[in-house]
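Engineer: Sequence:
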Amino acid sequence: MHFKTFNFMKKQVFILVVLLVAPLMLQAQKNNDADLKQIRQILDNQSKAWNKGDLVGFMQGYWKSKKLQFVGSKGVKYGWKATLEGYQKGYPSKEKMGILKFTILSVEKISDDAAFVIGKWHLTRKNDTPNGHFSLLWRKIKGQWLIVADHSS
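Read left to right, the sequence shown gives residues -30 to -1, 1 to 123 (mature numbering (1 follows the signal peptide of the UniProt record, and there is no 0)).
You may find that some hints are simply not true.
In silico DSSO-like cross-links for lysine-lysine, where the CA-CA straight-line distance does not exceed 27 Å [what the hints assert, rightly or not]: (1) K36 - K90; (2) K64 - K34; (3) K22 - K7; (4) K47 - K34; (5) K37 - K79; (6) K47 - K90; (7) K18 - K79; (8) K22 - K64; (9) K22 - K66; (10) K71 - K51; (11) K110 - K47; (12) K37 - K110; (13) K18 - K96; (14) K44 - K96; (15) K7 - K71; (16) K79 - K90; (17) K90 - K51; (18) K112 - K18; (19) K18 - K110; (20) K37 - K59; (21) K90 - K37.
None of these hints come from the bench; they were simulated from the model.
None of the values given here were measured: they were computed from a predicted structure.
Let's have the full structure, built from the sequences with the hints guiding it.
Structural biologist: Right under this line is the structure:
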């Protein structure tokens, strides 16, 4: 009889733990899904701004800090302003900017305030179609997801 009581209590404790932990896990998944959706939306907004010829709008997805890092074919740039100036120099007109399309290969949260994105970029212009890959490190800063490091090639 004592063994049956112990097994019954074990089952009750297990059920109680499941009932307490399951809602926490579901809430964490909802938060994760919302964060990843927000990151994808920012990337979508960036491509829309680019396709309008709006580089400042495109840059709104980046951290406005001197600590922003951008790694491209010409090396490393530090800072939001330097990154914007690099884009302005490389893409001085809407014609040079072309139409940008992102293909997201993976979006993963690393922690509650960090995420990593890998994708492809493709430009369609009158005379050519340059393309390449990118990796982005994102941080959630003051409740907003922002790119803090970009490696594009």
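Engineer: Each hint: holds or not?
Structural biologist: Quick rundown of the hints versus the structure:
1. K36 - K90: holds, 26 Å
2. K64 - K34: holds, 23 Å
3. K22 - K7: holds, 23 Å
4. K47 - K34: holds, 13 Å
5. K37 - K79: Holds, at roughly 21 Å.
6. K47 - K90: Holds, at roughly 20 Å.
7. K18 - K79: Judged against 27 Å, a Cα distance of about 24 Å means the pair holds.
8. K22 - K64: holds, 8 Å
9. K22 - K66: The hint holds at about 12 Å.
10. K71 - K51: holds, 24 Å
11. K110 - K47: holds, 21 Å
12. K37 - K110: Holds, because 15 Å separates the two Cα atoms, which is no more than 27 Å.
13. K18 - K96: Roughly 18 Å between the alpha carbons, so the hint for K18 and K96 holds.
14. K44 - K96: holds, 24 Å
15. K7 - K71: Roughly 18 Å between the alpha carbons, so the hint for K7 and K71 holds.
16. K79 - K90: Measuring from Cα to Cα gives roughly 19 Å; hence the hint holds.
17. K90 - K51: Given that 27 Å is the threshold and the Cα spacing comes to 24 Å, the pair holds.
18. K112 - K18: Distance of about 24 Å is within 27 Å: holds.
19. K18 - K110: holds, 22 Å
20. K37 - K59: Distance ~21 Å between K37 and K59 Cα, so the pair holds.
21. K90 - K37: Cα-Cα ~24 Å, so holds.
Violation of the numbered hints given earlier is absent; every hint is satisfied by the structure.
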